[in-house]
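Engineer: Here are the chains, one letter per residue:
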Amino acid sequence: MRKNNLFIYSLILVLGIAAPFLFPAFKLQISFMWILVVLALTWDVQGGQMGYNSFGNILFFGIGMYMCAGVQIGLFFPLHEWTASGGEKTFIHTPSQYFQGLFVGLILAGVVPAIVAALIGYGILGLRGQYFAICTLGLGIAAGEIASGIELIGAGQGMTAPPWPKGIGGTELRSQFFYYLCFVLMVVTFIFLKWAYQTRFGLVLNAIRDNEDKAEAMGIHTMRYKIIGWVVSAFFLGIAGGLMGNMIGYIEPVEIAFAGATYGVFMVLMAILGGKGTLWGPVIGAIAFHIFKEGFWIFFLGWQYVALGALIVFIVVFFPEGIMGSLREKFPERFGEVVDEADRKAQVELK
Amino acid sequence: MDGILLGTLFALIAYGMALQWGVMKIINIAQGELVILGGYIAYFMYTAGIHPALGVIVSPIIMFFVGLFLYKTVINKVVNRDLFFSILATFGISILAQQLMNIVFGADVVVAQSNFGTTMLFDNSVTLPNAKIFSALVSIIFIIILLIYMKKSKLGHAIRATAQNARAAKILGVDTEKVYSAIFGINAALCGVAGALIAITFTLHPYIGLPYTVRSFMIVIVAGLGNLPGVALSGMGLGVFEEFADYILGTEFRIAAVFLLLVLILVYRRFKLSRKREYLA
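Sequence order for the protein chains is A and B. Using my numbering, the letters of the first sequence correspond one by one to residues 5 to 355. Using my numbering, the letters of the second sequence correspond one by one to residues 23 to 303.
FYI, nobody ran anything at the bench for these hints, they're computed from the structure. Some clues are possibly wrong.
Said to hold, decoys possible - A few chain A residues that face chain B, going by a derived Cβ cut-off under 8 Å, partial list only:
{"no.": "1", "residue": "24"}
{"no.": "2", "residue": "219"}
{"no.": "3", "residue": "272"}
What the hints assert, rightly or not - Here are the computed lysine-lysine pairs in the DSSO-like style, where the Cα-Cα straight-line distance is at most 30 Å:
{"no.": "4", "chain 1": "A", "residue 1": "198", "chain 2": "A", "residue 2": "218"}
{"no.": "5", "chain 1": "B", "residue 1": "173", "chain 2": "B", "residue 2": "200"}
{"no.": "6", "chain 1": "B", "residue 1": "192", "chain 2": "B", "residue 2": "174"}
{"no.": "7", "chain 1": "B", "residue 1": "176", "chain 2": "A", "residue 2": "334"}
{"no.": "8", "chain 1": "A", "residue 1": "218", "chain 2": "B", "residue 2": "47"}
{"no.": "9", "chain 1": "A", "residue 1": "334", "chain 2": "A", "residue 2": "170"}
{"no.": "10", "chain 1": "B", "residue 1": "294", "chain 2": "A", "residue 2": "218"}
{"no.": "11", "chain 1": "B", "residue 1": "294", "chain 2": "B", "residue 2": "192"}
{"no.": "12", "chain 1": "B", "residue 1": "99", "chain 2": "B", "residue 2": "47"}
In this text, all values refer to a predicted model and were calculated from it rather than measured experimentally. Ideal placement from N, C-alpha and C gives every residue a C-beta, glycine not left out.
Generate coordinates for the entire structure from the input sequences, incorporating the hints supplied.
Structural biologist: The structure is reproduced here in structure tokens:
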């Protein structure tokens, strides 16, 4: 079993590293896919492990995106002149400026959303069930509306991320560079969460999901753990947002940064499709979802969102347990669960 | 004044929301889209040369069947599940409806001209478009009709029984399935009325449904489930708040103000309840 796992991990690692050479045409698509995996994984910290269905995690994604681009520009040039010029490249980064900016920007893109999460967490994580879901939904949309009213970051027009510096290879190198950044981010997120779920932290999250009152009665400071969980999500989401903004190159408040109706729901769907509450579920779900979605984009151009809405309804109605969930029901032994047949039968009869 | 008239309209939409939430235990994110769809029906009558005010009668009839169809295809599969699934499923419906409307009706902002004129009050210091007065009146009439219907009719009794205890109602011979589909139909019809009124007084656009959903959600939270006078009052309160926010913060922050108010109300209630170690659920 152990050896088997090692084999799978190394296979994925090798595939991930080799992918840009195997499928050079899909490099950008695969980078997006890794970003989506990060989104699904971080959503699952709330939705799956903690039982708090958040629709507002997109907030941190958007903040990270604006933060990263803002820092990249603001470190070297006046930000308001950049946005006022509306994408006309009046300022050009030198390569060293570009990479310095990106480095600082990505770190801040992770830290700032994490701080925001910690600050608003105490108020919002006290809500439960549907109130939490709707509250976070409102938060995400309000953030988009507010961002489109702020002049400094380009208001409703949006702003451009700094372009790839001239003189060190063309777009080919650029997409390669961002591909590996995305891949590394995905791997780090995965390993971190895998480790975190094995510690007391993971157990506490599951305890909160199963029965928060009891967990609290057992002497766990549930609020502290809930906030930590949110901060972790926000940190990785923010970095993913920063990368995404740079890859797209153009940041628009409602459609790209705080895209509650697309990425905000995608992360929920991907986690549910794969099976929420499992480590591998979001990964598989995100990959399957992305392939499916891109297929739609190609064949149903113009109707893609109609198909998407239908897909959401379909997944929710027919696959509430997700891919991993249904696998788990079929082969419980594979998941390290001890199944007591007699107990199981008794439960079926009870139902 | 504008705010109060607007508020009655919100209250109408919120009442449908309260019905679903209280009885079926689902939250319908597609509420706003149903409203907009109802509005487009009135708009169509307008382009066909019929006075759009008649949409108030036609559009609920059509929307009732749309609601029934939605219930039969999707909602009856999520109604007994966790609330979260209904939120997600209706979110899917909402995206679907938005895009279909976008394709069918186009992304332009449209308005149905009613030629109602305006009324001047207090020596012209207050101007009121007649269309808004008309919409407020119609909303109030419909709310009263529903109130009486819920109190007197057999279906009304069944609905209230189901709201109290669905299982007991089922044992006592209430066809809960029928009750649910009726509620969904009635809700869609209410949305149809509201949509037709919005088509007359405001503008229509495929993507503006979600703010209406959130407004009605907010009204229901503030008022409490099944508290109809509360729904009407908090609807008006929200209407007034919005006019003020529009005036003070500027139009570009109007929607943001609505959503932030929602967050603030929820957080405020959470702190108030947590003093007693209770929580919103």
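Engineer: Each hint: holds or not?
Structural biologist: Now the hints, each set against the structure:
{"no.": "1", "hint": "24", "verdict": "33 Å, violated"}
{"no.": "2", "hint": "219", "verdict": "13 Å, violated"}
{"no.": "3", "hint": "272", "verdict": "7 Å, holds"}
{"no.": "4", "hint": "A:198 <-> A:218", "verdict": "25 Å, holds"}
{"no.": "5", "hint": "B:173 <-> B:200", "verdict": "18 Å, holds"}
{"no.": "6", "hint": "B:192 <-> B:174", "verdict": "20 Å, holds"}
{"no.": "7", "hint": "B:176 <-> A:334", "verdict": "47 Å, violated"}
{"no.": "8", "hint": "A:218 <-> B:47", "verdict": "25 Å, holds"}
{"no.": "9", "hint": "A:334 <-> A:170", "verdict": "55 Å, violated"}
{"no.": "10", "hint": "B:294 <-> A:218", "verdict": "21 Å, holds"}
{"no.": "11", "hint": "B:294 <-> B:192", "verdict": "36 Å, violated"}
{"no.": "12", "hint": "B:99 <-> B:47", "verdict": "13 Å, holds"}
This entry does not satisfy hints 1, 2, 7, 9, 11, going by the numbered hints stated previously.
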